[in-house]
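Trainee: What follows is each chain in one-letter form.
Number of protein chains: 6
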Amino acid sequence: MRPSNRTPEQNREIKITRHYTDYAEGSVLIEVGNTKVLCNATVSESVPRFLKGKGKGWVTAEYSMLPRATHKRNQREAAKGQQGGRTLEIQRLIARSLRAAVDLNAFGENMITVDCDVIQADGGTRTASITGACIALADALNWMVVKGKLKKSPLKQMIAAVSVGIYKGTPVCDLDYAEDSNAQTDMNVVMTESGGLIEIQGTAEEGAFSHQELLAMLALANTGINNLVVEQKKALNVE
Amino acid sequence: MRPSNRTPEQNREIKITRHYTDYAEGSVLIEVGNTKVLCNATVSESVPRFLKGKGKGWVTAEYSMLPRATHKRNQREAAKGQQGGRTLEIQRLIARSLRAAVDLNAFGENMITVDCDVIQADGGTRTASITGACIALADALNWMVVKGKLKKSPLKQMIAAVSVGIYKGTPVCDLDYAEDSNAQTDMNVVMTESGGLIEIQGTAEEGAFSHQELLAMLALANTGINNLVVEQKKALNVE
Amino acid sequence: MRPSNRTPEQNREIKITRHYTDYAEGSVLIEVGNTKVLCNATVSESVPRFLKGKGKGWVTAEYSMLPRATHKRNQREAAKGQQGGRTLEIQRLIARSLRAAVDLNAFGENMITVDCDVIQADGGTRTASITGACIALADALNWMVVKGKLKKSPLKQMIAAVSVGIYKGTPVCDLDYAEDSNAQTDMNVVMTESGGLIEIQGTAEEGAFSHQELLAMLALANTGINNLVVEQKKALNVE
Amino acid sequence: MRPSNRTPEQNREIKITRHYTDYAEGSVLIEVGNTKVLCNATVSESVPRFLKGKGKGWVTAEYSMLPRATHKRNQREAAKGQQGGRTLEIQRLIARSLRAAVDLNAFGENMITVDCDVIQADGGTRTASITGACIALADALNWMVVKGKLKKSPLKQMIAAVSVGIYKGTPVCDLDYAEDSNAQTDMNVVMTESGGLIEIQGTAEEGAFSHQELLAMLALANTGINNLVVEQKKALNVE
Amino acid sequence: MRPSNRTPEQNREIKITRHYTDYAEGSVLIEVGNTKVLCNATVSESVPRFLKGKGKGWVTAEYSMLPRATHKRNQREAAKGQQGGRTLEIQRLIARSLRAAVDLNAFGENMITVDCDVIQADGGTRTASITGACIALADALNWMVVKGKLKKSPLKQMIAAVSVGIYKGTPVCDLDYAEDSNAQTDMNVVMTESGGLIEIQGTAEEGAFSHQELLAMLALANTGINNLVVEQKKALNVE
Amino acid sequence: MRPSNRTPEQNREIKITRHYTDYAEGSVLIEVGNTKVLCNATVSESVPRFLKGKGKGWVTAEYSMLPRATHKRNQREAAKGQQGGRTLEIQRLIARSLRAAVDLNAFGENMITVDCDVIQADGGTRTASITGACIALADALNWMVVKGKLKKSPLKQMIAAVSVGIYKGTPVCDLDYAEDSNAQTDMNVVMTESGGLIEIQGTAEEGAFSHQELLAMLALANTGINNLVVEQKKALNVE
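Chains as they are written, first to last, in the UniProt record's numbering: chain A, 1 to 239; chain B, 1 to 239; chain C, 1 to 239; chain D, 1 to 239; chain E, 1 to 239; chain F, 1 to 239.
Don't read these hints as lab results, they were simulated from the structure.
Please read these numbers as outputs of a predicted model, since none were measured by experiment.
One should not assume that every hint holds.
Think about it this way: if two alpha-carbon atoms lie no more than 27 Å apart in a straight line, the pair counts; the simulated DSS-like pairs of lysine-lysine are [to be verified]:
#1 D:LYS168 / D:LYS54
#2 B:LYS149 / B:LYS234
#3 A:LYS147 / A:LYS233
#4 B:LYS54 / B:LYS149
#5 A:LYS168 / D:LYS156
#6 D:LYS15 / F:LYS152
#7 F:LYS15 / D:LYS54
#8 C:LYS56 / E:LYS15
Isolated chain A (complex conformation):
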């Protein structure tokens, strides 16, 4: 039995609020159970130096947790004077995932930066960030079309992400903190809406995991991400 009484394949309730803040070109508050992440997409008409003059665009991301997003307060990274390894690893994952959603060659020399700030953390903050950030990204690209900066959105397809794992010997989907902190194996999966794999990061927390367990987790991820894409599209259709 899962701590939340969900069935193994059951996602947490998801709530998506677009236009959450007024100034960002795309602004989404995504709530996955008690995990809440604010994803703000910013458009800038320039690209990083390594891309200058190549006629290509770029998408990047930053990730942070508010100090008291968690049960215990974490020291603020700005006060510590640097971003930790976990933060850098997560924001690199978010950025790579989002770039897989966009045809960068059809984007001009523009850049979108998506800031994912975790307001409350109950497990799965990186996957919630990816799922929410993709909506903010879509909104920002649409904003560019409306403003005449692009003829057509270079969004190829939606991407979404979920965590899966082995909890008390059973493969489960969309772990909350109670499960995540006790899981034997934890895997984050990013997929496209058409079922292609973008990223898969699995870690044995205790012992190793078998090929069979991997396949079971992948199947759960596939279903879970399908559900998320449905929610993403529903949200994008409301204006």
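Starting from the structure of chain A, add chains B, C, D, E and F where the hints point.
Mentor: Using the frame of chain A, we list chains B, C, D, E and F on its own:
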């Protein structure tokens, strides 16, 4: 005429949401017009080194703006590797102000840290932070009483803050960004609920300001803060 | 009775030495009682990036205390790897104050940086820095005129600063360390030579302060600053 | 056809030199084709603060590339003042993988730090680091047994790692730089000698990858890692 | 002919002001020609961690140049966020030199830190720092005797330092900036009052220097340092 | 008797491996007894900003020790967030020494950076770095000639370095760690192949050293460096 059509002495609409997040001992979302600040108070049963063994408590604060709280994106301080002068100045002001609300000698060797994270910035973020943080602080102190960690809350009285200024020659209360960025003089005032002054920081942005103007701004601050204290108390009475 | 036996309105003895070092375009050692600050103004023919191409000049300042300026040695900020909040707050105040003395639009794309290094600290280092820096600034501007870089000095008027406070219940002017460390309220005031207010920063260290006390402190600041301006002008007339 | 003329399932030649330096408790130079990594294991009789008093040991790792390990010189991270996201991500992966090889509860309050310094980089530096570091770890644990600090080595089993990917449409094993920089998909796999999965990190560099491709890559990883474990054991049997 | 019209073996005029600031246990302003360094010695009753419990004392030093000590302003190291290589190298030299003057085994677990802050730089700041710092050190040790913290000063002997070099083919003593910036060879020498060598650091700036030139420079250093020791002793005899 | 049984004037065995890594334009592993340093020279077709447009080239160097090059592990400087004073001092010395070997005016606006990474440290790492780096530099300059980037190598002559010292009262050449850590005096000498002095840095570790001892050490350095230059030339003649 003010850009917001308010009268010179009129505060912006204020909205206070207590228990905004689940984990902090005090958690308040304060909205002052379009300015939105999340104030999370964390209790810890220890004090900074310089107070160890003195039987006294401490209150401190940290302040940050989300990168896209503003019209243009600001670089994340954690990514820059340090907090800027403005941030440090503001969080020192918030902390000093909050300490004026508490009897630190009746607090034991405990500490409260209030994190003020600006979700959206439309002027007056430091004063909104102080006003909201005081409620989160009150909640955290009450939580300590409920949990038996303190017999009685050491809160002496509420404090609140407002910005006042000279806009197009007229003294006005509670400036939004449109006014603030064009004001000749800008002054932040922190007061107790009984009308005592805690902090006053006035700056001439253009030319100098006169003794007369200072008195006019102080009068507006007095009224504005009275209004805020009414809202604070109203919020604290709702459970 | 004040520890220094001064009357409440009495400034400390002030000594101004111009041309204290040989290389800076303006170099002033200001001694206010036992507080000694070296203020060196450097001219550069360029402006910060945000002003490039706007035809306007800039004035900025940096502040530091030598490690053993105080009774106990402070760790060197260069060794710590960053400037503290107090330092940043003070140098922002000095810079804002100095900019109020200059017509930046009549200054061309030039910049003056005033370094205020505290040799000895006996209270009031930030106000002594402002008072001394304004003289160094005037000298540097005159140097530019002499060198043919400017037709006319863009100095609008002198500014000076003093601290006032409530010590043992009595409002007093120009606090030394013995008073400052025990004051109930502490206020720094920056004014122009014609009596306009530039900055006012008052802080209740203990309890709150009343409107009456504020007015009494302002009156003392007014007199104290007038005295300082007299000394500034006397110094500038000697060659 | 692979640039190196290898068959898709063929590992690069591997060379393992134990006792490469004189002072480390375990010191291994691992050469995987032209990739060369020096793995030095250091024993310390203490654990990080979060483990103090829990009777458990710890294994950690650090990773770095010499500035000219690559075709173009990279700026030295010590000179930049911080380790980059890629470095932190890799050293976290190495450390997690190594911890999976050791029974930390049977290790006492001891710690082993394995430094992986890349002398030359021709693709697969993180997987070569893991494969080499596990041998250095085994040597350091044996050293502790010989020195009487442990009764028995807490090594549970060897672990090894390989990168697999999709290169020009074909799944291949153990990519060198020429392949890696052009691969459509890149996946790092860490396994135990008995075939359990420890870590799997797959990334689509271009488009997405299918479930079928994932299975093909996993099969290659399984064979490749088996080959590496044979080499590890051969090396450990030579004294 | 030297730019200063001095003979090759002639030192610059030296001026030593003891008790320059009020709070440091030893405080010396040393002026060597136009080079001015403030040397403040601070006593602390503890030693660095690596010496704890060994019954030995320690002497250390820090060095800094005020930003406008030189013809052009240097960026403040505290603002840059780190001390440069030149600064670290110099303060290591000063500290090593001062430790050679003291019997650390007869000093108890005490530490003296000497801060050398360059007010004005006209060449030879590191040697002036050493010469001045040794007087501040002697004063601080005497202060400890007077205060009853030590029975007897552990000062073994005075040390002093001078720079020598080859300027336009001629060996010269005590180079000022005009010479230093054009010297072919530059050498800093630290000696004891009895003629023992403590440090010698010679650098060819252009071409190499010969054994003969080295001997000529050493002879000049010997004379120059003797002159400095006479001045040190004269200053220490005045109360 | 020396710990290594060498005679006082005897160098340690030296082994030079050119082309140690594949990618650097010059790559030398130098082994001086048990001290091993990898020296990689990188050519870049640009110069630092202060030399832009002056038609001159530049040579610079960086130095680092792998964390476990020594008996005890040192914390990685990249992890600490800055290079220490010893590192900066050494790399400044290496760079200055190398620049003395090259006619920078005949080098065009090119730069060579030599990275000296210490694989194992048994004393004399900075002098081994200089001796090895000069060979890597020569190789890199020859590479530029072969590639047609220079008509002729601007190398003026080889330079080499050795440490000498007073160990148990006797002057000795090329100290290993056992001697170095117990030496009364330690001196590093850099010379050209024709016997000119480039750098001399002598430090009394205990007491002072006499003029006589200095001369004895210089004589040893002269012989020792001659031996090293023979080895450098032998190595450069092998292809």
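Trainee: Now tell me, hint by hint, if it's right for this structure.
Mentor: To see whether the hints hold, each was checked on the structure:
Taking the CA atoms of LYS168 (chain D) and LYS54 (chain D), the gap is about 51 Å. The hint is violated against a cut of 27 Å. This hinted pair checks out: LYS149 (chain B) and LYS234 (chain B) have alpha carbons roughly 26 Å apart, not beyond 27 Å. Restraint check for LYS147 (chain A) and LYS233 (chain A): satisfied, since their Cα atoms lie roughly 22 Å apart, inside the 27 Å limit. The straight-line distance between the Cα atoms of LYS54 (chain B) and LYS149 (chain B) is roughly 18 Å, inside the 27 Å bound, and the hint therefore holds.
Simply put, LYS168 (chain A) and LYS156 (chain D) have alpha-carbon atoms about 22 Å apart, close enough for the 27 Å limit, and the pair holds. A threshold of 27 Å between alpha carbons decides the hint, and for LYS15 (chain D) with LYS152 (chain F) the separation of about 40 Å lies outside it, so the pair is violated. Taken as a hint, the LYS15 (chain F) and LYS54 (chain D) pair is broken in the structure, with Cα atoms around 48 Å apart against an allowance of 27 Å. Between LYS56 (chain C) and LYS15 (chain E) the alpha-carbon distance is near 44 Å, which puts this suggested pair outside the 27 Å criterion.
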